[in-house]
Amino acid sequence: GINAEYGSGINAEYGVTFLGKFRTQLDALDASVQSNPDKIEAELRKACKTKQPKDERFCWYIGATETSATGMTQVVTKPMSFHKPVEKICGDLYKKDAQICDLKYEKQIDLKTVNIKKLKVKDLRKILEQNGQDCKGCSEKSEFVKKVEAIAREQGRTEL
955 GINAEYGSGI
965 NAEYGVTFLG
975 KFRTQLDALD
985 ASVQSNPDKI
995 EAELRKACKT
1005 KQPKDERFCW
1015 YIGATETSAT
1025 GMTQVVTKPM
1035 SFHKPVEKIC
1045 GDLYKKDAQI
1055 CDLKYEKQID
1065 LKTVNIKKLK
1075 VKDLRKILEQ
1085 NGQDCKGCSE
1095 KSEFVKKVEA
1105 IAREQGRTEL
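Take 955 as the starting number for the sequence shown in my numbering and just add one per residue.
Derived from the structure by calculation, the hints contain no laboratory data. Just to be clear, a hint being listed does not mean it is correct.
Label pairs and their calculated CB-CB ranges [as the list claims (entries may be wrong)]:
1. K1090 with R1111: 40 to 48 Å
2. K1071 with S989: 44 to 52 Å
3. G1025 with E1083: 18 to 26 Å
4. G1086 with W1014: 22 to 30 Å
5. D981 with K1071: 20 to 28 Å
6. S986 with K1049: 29 to 37 Å
7. L983 with S1022: 21 to 29 Å
8. K1090 with N990: 18 to 26 Å
9. Q1028 with E1094: 49 to 57 Å
10. E1113 with W1014: 39 to 47 Å
11. G1110 with Y1048: 23 to 31 Å
12. K1008 with A982: 18 to 26 Å
In silico lysine to aspartate or glutamate, EDC-like type, Cα no more than 16 Å apart, as pairs [as the list claims (entries may be wrong)]:
13. K1074 with E1094
14. K1032 with E1020
15. K1032 with D992
16. K1071 with E1097
17. K1032 with E997
18. K1072 with E1097
19. K1072 with E1094
20. K1071 with E1103
21. K1095 with D1077
22. K1076 with E1097
23. K975 with E997
24. K1032 with E1103
25. K1066 with E1108
26. K1100 with E1113
27. K1076 with D1088
28. K1074 with E1113
29. K1071 with E1010
30. K1080 with D1064
Here the structure is a predicted model, which is why all the values come from computation and not from measurement. For glycine and all other residues, C-beta sits at the position ideal for the given N, C-alpha and C.
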């Protein structure tokens, strides 16, 4: 995905991450939608009805939510219609409002591929939290590793 272009993907920018996900959704739709900024805007507004607080904040910034003060959606929708790379779109947004692409995403850890034993306890905790679990009473890193490995197995990872 997007993170490959950013080396390790640590702190990949929001906008890029969100727009990357959005681009993937668009690519699955009909070509008539993909080249029509108005239809793209409708899809963008749908994608922005999200429960992800950081996506929501990005959407709010570009004017794609009901509560947005500004309407810069065309800065996203128009270039999307001619497949401008999301990094470039984010760069354009940045020129208009530096805050937008400064929103940082937590790094996403891919449980299917990461070496769980090499993760920091802080990251292990974060994975547990993202999966609605905790490790009350855990004091050893190995205890966190076991819990995260169990989550990875639930998500379809076979060898650990």
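Hints, one by one, checked against the model:
1. Distance hint check for K1090 and R1111: the Cβ-Cβ separation is about 24 Å, which falls outside the suggested range of 40 to 48 Å.
2. At about 47 Å, the CB distance of K1071 to S989 agrees with the hint of 44 to 52 Å.
3. A C-beta distance of roughly 34 Å is found between G1025 and E1083, which places it outside the suggested range of 18 to 26 Å.
4. In this structure, G1086 and W1014 meet the distance hint of 22 to 30 Å, their C-beta atoms being roughly 25 Å apart.
5. For D981 and K1071, the hinted distance range of 20 to 28 Å is not satisfied, since their beta carbons lie about 36 Å from each other.
6. Between S986 and K1049 the Cβ separation comes to about 30 Å, which falls inside the hinted range of 29 to 37 Å.
7. Separated by about 23 Å at the C-beta atoms, L983 and S1022 satisfy the suggested range of 21 to 29 Å.
8. In this structure, K1090 and N990 break the distance hint of 18 to 26 Å, their C-beta atoms being roughly 51 Å apart.
9. Between Q1028 and E1094 the CB atoms are about 53 Å apart, so this pair conforms to the stated range of 49 to 57 Å.
10. As the Cβ distance of E1113 to W1014 is approximately 42 Å, the hint placing it in 39 to 47 Å holds.
11. In this structure the supplied range 23 to 31 Å is violated for G1110 paired with Y1048, their Cβ-Cβ distance being about 37 Å.
12. Restraint check, K1008 to A982: a C-beta distance of roughly 23 Å satisfies the suggested window 18 to 26 Å.
13. Distance check on the hinted pair: K1074 and E1094 sit about 12 Å apart at the alpha-carbon level, within 16 Å; holds.
14. A hinted pair counts as satisfied when its Cα atoms are at most 16 Å apart, and K1032 with E1020 does not qualify at roughly 20 Å.
15. Taken as a hint, the K1032 and D992 pair is honoured in the structure, with Cα atoms around 8 Å apart against an allowance of 16 Å.
16. For the given pair, K1071 sits about 11 Å from E1097 by alpha-carbon distance, which is consistent with the 16 Å threshold.
17. Straight-line distance between C-alpha atoms of K1032 and E997 comes to about 13 Å, which keeps the hinted pair within the 16 Å bound.
18. The straight-line distance between the Cα atoms of K1072 and E1097 is roughly 13 Å, inside the 16 Å bound, and the hint therefore holds.
19. Taking the CA atoms of K1072 and E1094, the gap is near 14 Å; set against the 16 Å cutoff, the hint holds.
20. At roughly 9 Å between alpha-carbon atoms, K1071 and E1103 fall within 16 Å of each other, so this suggested pair holds.
21. Between K1095 and D1077 the CA atoms are separated by roughly 11 Å; this keeps the pair inside 16 Å, and the hint holds.
22. At roughly 13 Å between alpha-carbon atoms, K1076 and E1097 fall within 16 Å of each other, so this suggested pair holds.
23. At roughly 12 Å between alpha-carbon atoms, K975 and E997 fall within 16 Å of each other, so this suggested pair holds.
24. Distance check on the hinted pair: K1032 and E1103 sit about 43 Å apart at the alpha-carbon level, beyond 16 Å; violated.
25. For a cut-off of 16 Å, the pair hint linking K1066 to E1108 stands: about 10 Å separates their Cα positions.
26. Restraint check: the Cα-Cα separation between K1100 and E1113 comes to about 13 Å, which is no more than 16 Å; the hinted pair holds.
27. Between K1076 and D1088 the alpha-carbon distance is near 12 Å, which keeps this suggested pair within the 16 Å criterion.
28. As the CA atoms of K1074 and E1113 are separated by approximately 20 Å, the hinted pair breaks the 16 Å bound.
29. At roughly 33 Å between alpha-carbon atoms, K1071 and E1010 are farther apart than 16 Å, so this suggested pair is violated.
30. Distance hint between K1080 and D1064 is fulfilled; the C-alpha atoms sit about 12 Å from each other, no more than 16 Å.
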